[in-house]
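*Asks:* Residue numbers (our numbering), protein chains in the order written: chain W, 1 to 150; chain A, 1 to 856.
Bear in mind the hints are in silico, worked out from the structure with no lab data behind them.
Calculated lysine to aspartate or glutamate pairs in the EDC-like style (CA-CA distance at most 16 Å, straight line):
{"no.": "1", "chain 1": "W", "residue 1": "Lys53", "chain 2": "A", "residue 2": "Asp341"}
{"no.": "2", "chain 1": "W", "residue 1": "Lys53", "chain 2": "A", "residue 2": "Asp306"}
{"no.": "3", "chain 1": "W", "residue 1": "Lys148", "chain 2": "A", "residue 2": "Glu121"}
{"no.": "4", "chain 1": "W", "residue 1": "Lys53", "chain 2": "A", "residue 2": "Asp304"}
{"no.": "5", "chain 1": "W", "residue 1": "Lys148", "chain 2": "A", "residue 2": "Glu123"}
{"no.": "6", "chain 1": "A", "residue 1": "Lys155", "chain 2": "W", "residue 2": "Glu145"}
{"no.": "7", "chain 1": "A", "residue 1": "Lys347", "chain 2": "W", "residue 2": "Asp51"}
{"no.": "8", "chain 1": "W", "residue 1": "Lys53", "chain 2": "A", "residue 2": "Glu342"}
{"no.": "9", "chain 1": "A", "residue 1": "Lys270", "chain 2": "W", "residue 2": "Glu85"}
{"no.": "10", "chain 1": "W", "residue 1": "Lys53", "chain 2": "A", "residue 2": "Asp343"}
{"no.": "11", "chain 1": "W", "residue 1": "Lys117", "chain 2": "A", "residue 2": "Glu17"}
{"no.": "12", "chain 1": "W", "residue 1": "Lys36", "chain 2": "A", "residue 2": "Asp67"}
{"no.": "13", "chain 1": "A", "residue 1": "Lys438", "chain 2": "A", "residue 2": "Glu619"}
{"no.": "14", "chain 1": "A", "residue 1": "Lys347", "chain 2": "A", "residue 2": "Glu384"}
{"no.": "15", "chain 1": "A", "residue 1": "Lys270", "chain 2": "W", "residue 2": "Glu90"}
{"no.": "16", "chain 1": "A", "residue 1": "Lys750", "chain 2": "A", "residue 2": "Asp405"}
{"no.": "17", "chain 1": "A", "residue 1": "Lys337", "chain 2": "A", "residue 2": "Asp306"}
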Amino acid sequence: SDISILSLQIRFILLQNRQGKTRLAKYYVPLEESEKHKVEYEVHRLVVNRDSKFTNFVEFRTHKVIYRRYAGLFFSLCVDITDNELAYLECIHLFVEILDHFFSNVCELDLVFNFHKVYLILDEFILAGELQETSKRAIIERMSELEKLE
Amino acid sequence: MASSNSLMDSLFQRSLEDLIKGLRLGESTFISRSLEEIRREIKLTDLSTKSVALQKLSYLAALHGVDMAWAAFHAVEVVSSSRFAHKRIGYHAIAQSFSDQTPVMLLITNQLRKDLNSSNEHEVSLALECLARIGTDDLARDLTSEVFTLLGSSKALVRKKAIGVVLRVFDKYPDAVKVCFKRLVENLESSDPQLLSAVVGVFCELTAKDPRSYLPLAPEFYKILVDSRNNWVLIKVLKIFAKLASIEPRLAKKVADPVCEHMRKQNVGKSLLFECIRTVFSSLSDQETALKLAVAKIREFLVDDDPNLKYLGLHALSIVAGKHLWAVLENKEAVVKAMSDEDPNVKLEALHLLMAMVNEDNVTEISRILMNYALKSDPLFCNEIIGSILVACSRDSYEIIVDFDWYVSLLGEMARVPHCQRGKEIEHQLIDIGTRVKDARLELVRVSRALLIDPALLGNQFLHPILSAAAWASGEYVEFSKSPYEIAEALLQPRTCLLPDSIRAIYIHSAFKVLVFSLGAYFSAQEPTSPPLAQESTSSGHSVVNGFTYNSISSLVNMIELGLCSLSGTIDVEVQERAKNVLGFIGMIKHEIAEKATSQNSETEAHRAIAFMEDVFSEELGPVSSTAQEKVPLPEGLELNENLEGLQEICREVLEPMAESDYSSDKVSFSVAKLRIRDQEEASSSLPPPLESSSLLAEHRKRHGLYYLSSQKSEDHNDREGNDNNTSNEYPPANEISVDSFKPKKKISKPRPVVVKLDEGDEPKRKPDASSSNDESLSRAIQTALMGKGKGKEKEKERVKENHEMNVDTENIEQSSRREKKNKKNGERSSKRSSRRQRGKEASVTKPVEVPDLLL
Chain W
1 SDISILSLQI
11 RFILLQNRQG
21 KTRLAKYYVP
31 LEESEKHKVE
41 YEVHRLVVNR
51 DSKFTNFVEF
61 RTHKVIYRRY
71 AGLFFSLCVD
81 ITDNELAYLE
91 CIHLFVEILD
101 HFFSNVCELD
111 LVFNFHKVYL
121 ILDEFILAGE
131 LQETSKRAII
141 ERMSELEKLE
Chain A
1 MASSNSLMDS
11 LFQRSLEDLI
21 KGLRLGESTF
31 ISRSLEEIRR
41 EIKLTDLSTK
51 SVALQKLSYL
61 AALHGVDMAW
71 AAFHAVEVVS
81 SSRFAHKRIG
91 YHAIAQSFSD
101 QTPVMLLITN
111 QLRKDLNSSN
121 EHEVSLALEC
131 LARIGTDDLA
141 RDLTSEVFTL
151 LGSSKALVRK
161 KAIGVVLRVF
171 DKYPDAVKVC
181 FKRLVENLES
191 SDPQLLSAVV
201 GVFCELTAKD
211 PRSYLPLAPE
221 FYKILVDSRN
231 NWVLIKVLKI
241 FAKLASIEPR
251 LAKKVADPVC
261 EHMRKQNVGK
271 SLLFECIRTV
281 FSSLSDQETA
291 LKLAVAKIRE
301 FLVDDDPNLK
311 YLGLHALSIV
321 AGKHLWAVLE
331 NKEAVVKAMS
341 DEDPNVKLEA
351 LHLLMAMVNE
361 DNVTEISRIL
371 MNYALKSDPL
381 FCNEIIGSIL
391 VACSRDSYEI
401 IVDFDWYVSL
411 LGEMARVPHC
421 QRGKEIEHQL
431 IDIGTRVKDA
441 RLELVRVSRA
451 LLIDPALLGN
461 QFLHPILSAA
471 AWASGEYVEF
481 SKSPYEIAEA
491 LLQPRTCLLP
501 DSIRAIYIHS
511 AFKVLVFSLG
521 AYFSAQEPTS
531 PPLAQESTSS
541 GHSVVNGFTY
551 NSISSLVNMI
561 ELGLCSLSGT
571 IDVEVQERAK
581 NVLGFIGMIK
591 HEIAEKATSQ
601 NSETEAHRAI
611 AFMEDVFSEE
621 LGPVSSTAQE
631 KVPLPEGLEL
641 NENLEGLQEI
651 CREVLEPMAE
661 SDYSSDKVSF
671 SVAKLRIRDQ
681 EEASSSLPPP
691 LESSSLLAEH
701 RKRHGLYYLS
711 SQKSEDHNDR
721 EGNDNNTSNE
731 YPPANEISVD
741 SFKPKKKISK
751 PRPVVVKLDE
761 GDEPKRKPDA
771 SSSNDESLSR
781 AIQTALMGKG
791 KGKEKEKERV
801 KENHEMNVDT
811 ENIEQSSRRE
821 KKNKKNGERS
831 SKRSSRRQRG
841 KEASVTKPVE
851 VPDLLL
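Turn these sequences into a full structure, and let the hints guide you.
*Replies:* Here it is in structure tokens:
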């Protein structure tokens, strides 16, 4: 179907707030606009009602969504059923740490106003749906290099 | 004027930040206004203005669903700028919006090539990221050599990204493998963990799709498994070995040790530990030490407070439950506890594990407890419970069921669960058991009767399939019924108008069978010359006497006639036809019923008609094999493959509803039911006639009113007062499943009835997964690449093999037989013939892959 092409990779990343507004959406598989809307709506519905005492993984269509809530934002990653949930949870946490470093106590507004920067960070982090860099230090160094070029 | 306008636009262009601020104040009109601005700005020649416009557009597209495909050409323009900032915006826009259908795709090939060759590593990485995201077949083909170069770049960052891109390139353009594969493999030896992680990640993907092709690389992966200290890398390597070990069992033995090593480490990360456990459970479960260690470790997960770990523990257990149930049994307390967890995911896992532990001895108890859970649960979980009971009990033709009477009444009970939505599966099983298990038919009829006479059930559309099965069973096995009159009355009650027409047709047909049976009993009972009827006692101890009197039979006939009269004018063809058929039949024999009292003539038309119909219904129906249709020889002149596309248009509305349910078991039961109706099939009629009785239905209604979930009734299985409702309203405490449920019990019960099984085609056929032939070319390319790649002594072997490439079959058969002899020395048993056959088969698809000797 629409999102099941290559088997083991991240299919999309979503940052949504509690009201369901998407603050960041990166898709690593081709999807029509209307399908993207559907996906975002469904994922939000899935995660927003879950108690904090529940697991951070939910089934989503034929895949899995691994999510975590940080303040008012839900970070959701869609991966294959067989992927290692704990590892991707760490991945989300790493991403948040990096954002925190860049925006000093990052809040939702920071992400809204600096969306291109967030994408830049994300692109250093994940390439073609695969995690390519897991060292926080390396990503931060790289970002400062990129800043100089702008 | 135009130029000054554009100057204005450039000078006063809203930046992205302005756009966002404006959006936050008021949306939809602001978006359309901004879009207009953007459209103007983006057409200007000044690249800075253009790129800001593009950036704004990207933002709107990403977060507000605005379409940006129209700006594709402008994105290409922006990317051609020499300023990095512009390039970044341009590539971002391209990655976000380009697809295979974008017409200007051709224009970026050269730009990409230029940037890939750039000395500025940042430009290179931009281009690589873009290619990774949007690479088409053409782009992949055209840019393979650039990617190849970059795979060997001195800059680690570039190399890492190139590796990330490689997967997409291979996917779109398999010939790229010949060029790039060698460099890719070289990178496996890198000491940079990030680089390694990227490479291993690529192989992880590739191996998942086609493990056999990458078997020769096992030694490299093994080295990484032993040496690496990076969790990410290890997790990916484990995944690779999980795939490889399942097709090459000798690998499993080799890999078990390092995996155990990792599991035993003091501060091993939970993610790595989990992956080790999962690998052992899925692919190394034959390795005893590894398995035992993994089971011990998973226990830690199960008792942890962290819900994530608990869930994962349960999930891992379900992987191994099939082959090693002891692992689950060892942890049954945790499983039982998890059933009452609040998280629905955890509950579901626990449920599945519970069902895995079900066997002959404990199935009744566990089902009882689960049904109680179901009543207290939300609809979703309730249906999960019912569904899993149905699956577990029906597996392998009801292998674990010993007491079918109990099971049939359980099925009836499920129908009364308020949230039950498993009507179709229950229907299928009721009919299936009816055809397969003779001894259960009495109970089946009893349960069916209870379902049929209850008017409240007719209003619940989820139960209609079950009622359909009940109706069929009541008609088919009417000889087991205590009161056919009651059945017929229930089948024709006014509320049946709530049923869909197809089920109503079944009801009418069953009523017909009841009628035929009763008439047959009546007429044969009057025969003075007929042999004394066998007195068969029902299990309640009543013995059946004589049968229908004139009064009772004529009231039956009249009741049926009355009930069907109103239907003879319905719109539905099926219902109308059935009703008319029965009415016609009645018309034919009615006058003789009265005469019967006087004349003894057994050759009347009515007699013959009834005898004929009895004969029609007398043959027993058995289960139908799912391969039966294929076995029917095609008649002469029937062309099955003729293109009937023309009919599609005409029949669309008719065909569509059928296509909706792809529940294959639904099709089985549907066809069985329809089969009965279409072919006027038979029921046995060798039984004594039923008791004369007044309408039990009316009495029942008076006594109980409408019931759905009853008031307190005992769960006494032998209750035969006509009240079959076994659900109690007392809600037992949640932890009722005791661990003792799983202790084996010695019970003296009646012997298990005979269950008819078919030799083949018992289960409905499942469609095979469509395998992608796309990967064929890729795997062939990989194999050739691997044959061609050489490292040290392996190079010699490969070269020798290359010379014999044409005679692959014989060559490999020789090799394999040599290896067989070696293995035989080690005590391994392997059949030469079967491996040769296997090699032969493989060789016809791809060239068989040799596992390097050092792993044997």
